[in-house]
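One line per chain: the protein sequences are A and B, in this order. Under my numbering, the first residue of the first sequence carries the number 1, and numbering increases by one thereafter. Under my numbering, the first residue of the second sequence carries the number 1, and numbering increases by one thereafter.
A few of these clues could be false.
To be verified - Which chain A residues stay away from chain B? Per the calculated CB distances, all over 10 Å, these:
1) L110
2) H131
3) Q278
4) A291
5) S606
6) F634
7) E635
To be verified - Between beta-carbon pairs, the in silico distance windows are:
8) A:S577 <-> B:D65: 45 to 51 Å
9) B:D62 <-> A:T743: 36 to 42 Å
10) B:D65 <-> A:T743: 38 to 44 Å
11) A:A768 <-> B:A69: 36 to 42 Å
12) B:D65 <-> A:P336: 30 to 36 Å
13) A:A664 <-> B:D145: 50 to 56 Å
14) A:R749 <-> B:A70: 39 to 45 Å
15) B:A69 <-> A:G669: 33 to 39 Å
16) B:S40 <-> A:A734: 45 to 51 Å
17) A:R352 <-> B:D62: 23 to 29 Å
Don't read these hints as lab results, they were simulated from the structure. Glycine included, C-beta positions come from ideal geometry on N, C-alpha and C.
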Amino acid sequence: MSALPRKPTRKTAKRRSRGGGGRPRLRWWIKSAALAVGSVGFVAGFVFAGYVVRLDRLVRERFEGQRFRVPSRVYSAPSILYPGLDWKLVDLEGTLLRLGYRKVAATGELEPGRYLWSPSRLRVQLRPFDHPSRPEPARDVVFVLRGSQIDEIRELPAGHELGAVLLEPEPIGAYYGPDREQRELVWVDEVPRHLVDAILAVEDQRFESHHGIDPRRIAGAMLANLRAGRVAQGGSTLTQQLVKNFFLTPERTVRRKVQEGVMALLVEARYDKREILQAYLNEIYFGQRGATAVHGVGEASRLYFGKNAANLSVAESALLAAIIQSPNGKSPYRDPERAVERRNMVLELMHRQGRISEAALQRSRQEPLRLAAVTPDSGDARYFLDLLQRQLASSYSSEVLETEGLRIYSTLDRRAQRIAADALREGIEDLEKLYPRLRTEDPRRSLQGCIVALRPQTGEVIALVGGRDYAVTQFDRCSQARRQTGSVFKPFVYIAALEPRSGVPHATLASFVDDSPLEVRTPSGPWRPVNFDHKFHGRVPLREALERSYNTATARLAQDVGIDRVIDVAKRMGISSDLPPVPSLALGTAIVSPLEVARAYATLASGGVRPEVQAAEDLVNEEGEILQRRRLRFERVLDPGTAFLATSLLQGVADHGTAAGLRAGGLRGPIAAKTGTTTSEYDLWLVGYTPELVAVVWLGFDEPRSLGVPSSRGALPIWRRFVKDLTGGEIRGAFRPPPGVETADIDPRSGALATWGCPERRSEFFLAGTQPTVTCPTGSVVGRRRDPADKESVERGFLEWLRRHL
Amino acid sequence: MSGIPIGPLLALVAMVSLWSGCALRVAPPPGRPAPSLHVSDATLEGDATRRASLRLVLQGLDEDDDGRAAAARSSYERAIQIDATNPYAYLALARHEVDAQRWNRALEALDQAELLFGSDAPAGVEAHISGLRGAARLGKGYGDDAEVLLDRATRIAPEVWSDGHLSADELR
């Protein structure tokens, strides 16, 4: 008998398949099902792998590319404090508060960033700042005060006297991208360990050991949520939170949660804990400051404590950790007592987890809550920020400014800016109260104005307010608007007349000009200028013609000198707009920007040297390298003598001409100024300068319409308020005649050189060799161009005088 | 005696007196040695702002002397920030720029300094302005012109300009 299986016959095979032979069929099904599942699994696995690969690429792109968009931050020029400075005038305490310094009550509480004010003494522990070309160390400084003045400055503990102290530049704004996120990047090695501990204690205590997901935390959270019957606790690790903030939307769906988990695992697989922690510290959201979102512990330290994250105490670190969960709802500004409670809970947690000692816990619990002063968003500098951005545009695109975290040190004088903004706002409001017809219901159509102030010697913009309200309209009337200048243009005519050509000027300050009716032929018909008072004044001294702003005299002078020369002077001095060579140009019919006018007048204030308008000092990248250093640029475009004569003329305008109202406000010291009111009073101007400052005020409607007010009532009071508040009413310095300018006594009625016996005389400035040659009272001629025929009469007169007096 | 014309004689005497009086007020001719100008001599001049500005100029000169050029430049700029009319700040800046071989910037700063010193410049200013201008022009390649200026500086302040260079310490 063979044990070998028999080959099944067709019959037996049939029988098997019918009865107990169902097993092969099942096997077939199982095989098919397994194949199908395997195929689906394979496809799913393939798809999932693709999905993971895609997520992995996303993770790598974000971590290995530019992780954060860091807006470039703009700072003001630093405040400089020195003996003799009026600390009340410069609002020293306000400046310290804006910089985030905190007042303390006892010496023991002093530490960097705090000050103690006692009668006649101010002790400040100045924080260091790391300006690349001028790093300032942390200093313990005492200001000895006498009245409103700083009497002396001493550095402790040595007690040696300091000549000047720089305060750190104030942040005045930043260039945000569309997300309006503000952050200050920190490095994990630079932040104190207790800050990291506080965050880990609250947010992820097993961060060091898990692989992106913490099952124990998830289980604990589920349990807590079940008990509470709502979502009371999150189970996300710090890595998951980072992934959510970096890549995902805040929606709560299973799909998003899975994605978050996978990405967290990928992040942990690819990067070490230190890198993940650093990303988290810079990404975590800490609430809103105005319209901008505060991200990262660096920025949060500035916002809440006015200090660098490296200097945070244990208690301050615990407070930051306490508000991560709900930064706006748990803001310490909103409810300080509750904030302290939450902070103390974090401290307890840190202690329980062995992250701080018992002593540290007790000490930190006692620490009072000291928050940085809340300062309003620097909205008043936003027009300046726009100007700065336009100036930088040739080298730095908006994208760069919005993402690369540059530090831009600007020329803005924070105090001057604030005063300018107040002066403009209050000045326009006063004008609207005085003339209610100027008011409009629609703020976009309201009376507008601008004010810009430069340091004439360097062209640095120290203040710029381009309109009444940046929120309503961002159009900068100082640098973007082109308006008729009116009489503000006239000095260019007089400068063209005073400037020697081939050694001989067309006029001197002793000259007379003709203010009689004038008709000039033009292609569009005869042009007949008239005066503001609709009168003609005949032959008038050159000084009076400008001081009274006579149109006819000025138009005639421009005709005599030549419009091309006038244009040449204006262009050289800094007017870059197109100036059409028409007779009416002399009276200011060309359209130019207030900033151009400021630059041109700055040329006069700095003795004929035209400055380059500058809003930025230095640009520094995130690594602290200087990318751009400002250069002081000076270009001589007028001889100093001519510039001085023009200044002298404009001093007359301020002292007893159309701008005499400046003195009425109690401003003392040297001022040169010119008013300007255009046809139908569409534009009101006041341009004025002192030896250290040039400022332009313009008022008008964006869609020109008559104000019905002269500039002496509109623009002048704003200029006066600005300069008075800035200087305290006492303007320092003097306009000094340069070499080559001489004085001579003249007869004001004739312009002749006053000799003995002349009934009236006054001193006048002349370029050397241009003094009058005709004398008063004899009417004879002296000087270089003396006519020999008159020589005898001069000598006769002199001998006669000698006989009388000897 | 009666034949002597007293009027013309008196006139002559008066004219000579007047002329000599005027002559006394004329500045010494170029080339006459004058005391060298030091910024430290001026630190008591002017108001508090000017004095603080001058202290920053001195600080900058010390920094230049120590080879800390960036800090020095910043000090001069701060000196100008608080007193833009301080001629010493521009003079020190011009010296700094000459050392850095930025000739155009040096000449521009010198223009400002000269203008701000005005006609009542202290003795010694002329030597430094002339010497620095000469050094800058020499650097730019205007040899003949530069030599004249440097010679002039050497004649006025030989103790400083005999080597054709003004150090930070010498200006301090």
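Right, here's what the structure says about each hint:
| no. | hint | verdict |
| --- | --- | --- |
| 1 | L110 | holds, 25 Å |
| 2 | H131 | violated, 8 Å |
| 3 | Q278 | holds, 31 Å |
| 4 | A291 | holds, 32 Å |
| 5 | S606 | violated, 7 Å |
| 6 | F634 | violated, 4 Å |
| 7 | E635 | violated, 7 Å |
| 8 | A:S577 <-> B:D65: 45 to 51 Å | holds, 47 Å |
| 9 | B:D62 <-> A:T743: 36 to 42 Å | holds, 41 Å |
| 10 | B:D65 <-> A:T743: 38 to 44 Å | holds, 42 Å |
| 11 | A:A768 <-> B:A69: 36 to 42 Å | holds, 40 Å |
| 12 | B:D65 <-> A:P336: 30 to 36 Å | violated, 52 Å |
| 13 | A:A664 <-> B:D145: 50 to 56 Å | holds, 52 Å |
| 14 | A:R749 <-> B:A70: 39 to 45 Å | violated, 60 Å |
| 15 | B:A69 <-> A:G669: 33 to 39 Å | holds, 36 Å |
| 16 | B:S40 <-> A:A734: 45 to 51 Å | violated, 24 Å |
| 17 | A:R352 <-> B:D62: 23 to 29 Å | violated, 56 Å |
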